[in-house]
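Visitor: Put chain Z on the given structure of chain R with help from the hints.
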Amino acid sequence: MNARATIWIAGGALAFMVALALFGPILSPYSYSQGSERQFEPPSPQHWLGTDIHGRDVLTRVLHGARVSLLVGVVGASVSLTIGVLYGMVSAWCGGWIDQLMMRIVEIIYALPRIILVIILIALFDEKAKTWMEGAGLASWVPHSRLILLFIGLGLVEWLTMARIVRGQVLSLKERAFIQAARVLGQSPHRILLRHLLPNLAPIILVYLTLTIPSVILEESFLSFLGLGVQAPQSSWGTLLSDGASLVNPIKIYWWMLAGPAAFMAATLLALNFLGDALRDRFDPRMR
Amino acid sequence: MIPFILRRLLLAIPVFFIVVSATFLLVRLAPGSPFAAERKLSAATEQRLKEKYRLDGTLGQQYRAYWGRLLRGDLGESLKFRNRTVAEILIQTLPKSLAIGALAMLIALGLGTVLGTAAAVHQNTPRDRAAMLAALAGICMPSFVLAPLAILLFAILLPLFPVAGWGTPSHLVLPSLCLGLPYAAYCARLMRTSMLDVLNQDFVRTARAKGLAESAVVYRHALRLAALPLVSFAGPLAAHVLTGSLIVEEIFKVPGIGPFFVNSVFNRDPFLMGGCVIVYFTLLVLFNLLVDILYTLLDRRIQLG
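Respectively, the protein sequence lines represent chains R and Z.
Heads up: the first sequence is residues 566 to 853, going by the working numbering.
Heads up: the second sequence is residues 3 to 307, going by the working numbering.
Among these hints, one or two may not hold up.
For lysine-lysine, the following DSSO-like pairs were computed, each having C-alpha atoms within a straight-line distance of at most 30 Å [to be verified]:
#1 Z/K52 x Z/K82
#2 Z/K98 x Z/K82
#3 R/K695 x Z/K255
#4 Z/K212 x Z/K98
#5 Z/K82 x R/K695
#6 R/K693 x Z/K54
#7 R/K693 x Z/K52
#8 R/K693 x Z/K82
#9 R/K817 x Z/K255
#10 Z/K82 x Z/K255
#11 Z/K82 x Z/K54
Everything labelled a hint here was simulated from the structure, so no lab data went into it.
Fair warning: this is a prediction, and the values are worked out from it, not measured in the lab.
Extracted from the complex, chain R is given alone in its bound form (with noise of 0.2 Å):
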C-alpha cells in the first residue's frame, strides 16, 4: 500500500472517530453516569458492548471516555508542539551560548524520569490550580482542575524531542541561500522566524504532532490508571481499561470490560501511528 492511499485510510478512521465520539453519546439511549439494576451483562443486542458494575452500557462510556482521551491527546501534543517548535526554533537562531545553554536545559529536563515529572506537577499544584481558578472567576472549571492540569503536564514533558528536531531542521534552513538572502535584505529575525521558517518546518511538524498523539494518550492512560487522570463519574480509555484490567480473576472473567476499550484505543492509535508513518514517508527530508 502506498503513503498516499494510507494517509487517506488512516485518515478517514481517525475522522471517523472523532465523530462517533461527538455525536455516539448524544445518540445512544444510555447515559454514561447513570446507572441500572443490569450489572455485569455480557454483549448482547440491548447492549453493544455489555454492562458494567453499575449497570451501565460500556459502549456509551467508551464514547464518552473517547472524548477526553482525543481531547487531551489533541490538547496535550499542541501544547508540545507550541513549546517546541518555540524552543527548538529561538535555541538554533540565536545560537552560540544561548543554544548551549538551551540545549543544557533540555538535557536536564531529559535526566529526570518524565512520567514522574507529570505526577509532580498535578500532584504539587492541584490545590493551588483551584484557588487560582476560584479567584479569577473561573469556578465552573474547577471540578475539571485535574484534566486542565492534566492537558499541561503531558504538553510539558513531551516537548523535548520536538524542541531538538526544529533545532536541528532550522540549524541546517538557516544557512540556506533564501534565509541568507532574507538576512541580507534586512528583515527582522521575528519575521524570518514566521514568515520564512515555519512554512518550511510545518511538514515535520505535522508529521510528530500525530506520533505525539498517542504517546499522550497512552500517557493519560497511565494516569488514569493511576487515579491521577479524569475522576468518576467521567470516563476515560485510561480508566475504563484500568476498570477492566482489575476485575480479570479466576473466578468470573468479564473480557468485555476490557475488549470494548481496548478495541477502540487501539484502534485510533493504529491509526494515528499509520497515518504518522506514511506521512513521515512523504514529508520527511531525512527519509528521502
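Guide: Okay, now just chain Z, sitting in the frame of chain R:
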C-alpha cells in the same frame, strides 16, 4: 578512553546537583505535609517529628541539612515507612526491579533486533508487513492491558506460570515479558529503518560483490552499524526499565522499587524520592556512558571527544 570517561563523569556532577536539588525543593514547596495522616497530629508532635527528620527551620536550612547528610553518604529515612532508612528500602527492592528490568531489556533488544532485521532483509514482503504490524500492535498496547491478559492466558487458562508473587525464576517470566514486549516493538521499528539505511550503503554492495553469503553480509557487516540507533535508544531506556515499572510490579505483586518511587510523590516523602531519583540518575549517566563506549566499539570511525 579514560580521560573521556572522567570528563563525562565530571560533567554529570553539576547536572546531578541540579536534579537532586530540584527534587527536594519541589517536594518541600508542595502543599501538603509528609506527616499528614488520617489522625490529626498536635502541633507539638508535628514539631518534634520535623525536628527528628531535620525538616524544621527555613527551607534553606532544610536544604543545607539534606545536602550535608547526602555528602556523608546518608540518604535519610523514609517519612512514610517509618523506621526504615531509604538505603534499606533501596537495598531490599532494587535487586528485584533490576532482575526484571534486565530480563525485559534482553527481550526488548533481542526480539527487536531479530524482528527488525528480518523485516528489513525481506523488505515489502508479507513477512515484513506481519512483523511491522505486530510491532505497531505492541506499541499500542499499554502494559496494564498486556499484564492482565498475560495473567489470564498463561496463569489462569493455561497454568504455566504463577499468577503473581516473587521467589522462583518462573515468577520472573510474565513480568519481564510484559515490561519488555512494548519496547521490543519500538526496537524492531528502529532496527528496520536503520538496517534498510545501512543495506543501501556502498560497503554492503562491496561485500556482496565479493561474493559473500547474504547472511554474512547482514550479520557480520551491516548489523554492527545498523545497531547504532538502537544502542542510543537503549541507554535511557535501560535507566527507565531497570528502576522498575509501577504497573507491572503492582499487577504481578513484585516487591520492587517502582511503587515506592511513585508513591513517594503522593506521600510527599522527600528523602525516599530523592533516593529514587539518585538511583535513576546514576543509572542514566552510566548507561549513556556505556552507549558512547559501545559506539566506538561498533563503529571504529567514531572518535570520543
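Visitor: All hints are to be evaluated individually against the structure, with a verdict given for each.
Guide: Right, here's what the structure says about each hint:
1. The hinted pair formed by Z/K52 and Z/K82 meets the criterion: a straight-line CA distance of about 13 Å does not exceed 30 Å.
2. This hinted pair checks out: Z/K98 and Z/K82 have alpha carbons roughly 21 Å apart, not beyond 30 Å.
3. A threshold of 30 Å between alpha carbons decides the hint, and for R/K695 with Z/K255 the separation of about 35 Å lies outside it, so the pair is violated.
4. A C-alpha spacing of about 49 Å is found between Z/K212 and Z/K98, which places the hinted pair above 30 Å, so the restraint is violated.
5. Only pairs whose Cα atoms come within 30 Å are accepted, and Z/K82 paired with R/K695 is accepted, the gap being roughly 27 Å.
6. At most 30 Å may separate the alpha-carbon atoms for a hinted pair to count; R/K693 and Z/K54 meet this at roughly 29 Å.
7. Under the criterion of a C-alpha separation no larger than 30 Å, the hint pairing R/K693 with Z/K52 is consistent with the structure, at around 24 Å.
8. Proximity of R/K693 to Z/K82 is assessed by CA-CA distance (about 24 Å); at most 30 Å being required, the pair is judged to hold.
9. Between the alpha carbons of R/K817 and Z/K255 the distance comes to roughly 20 Å, so the proposed pair stays at or under 30 Å and holds.
10. Taking the CA atoms of Z/K82 and Z/K255, the gap is about 20 Å. The hint holds against a cut of 30 Å.
11. Restraint check: the Cα-Cα separation between Z/K82 and Z/K54 comes to about 14 Å, which is no more than 30 Å; the hinted pair holds.
Violation of the numbered hints given earlier is confined to hints 3 and 4; the remaining hints are satisfied by the structure.
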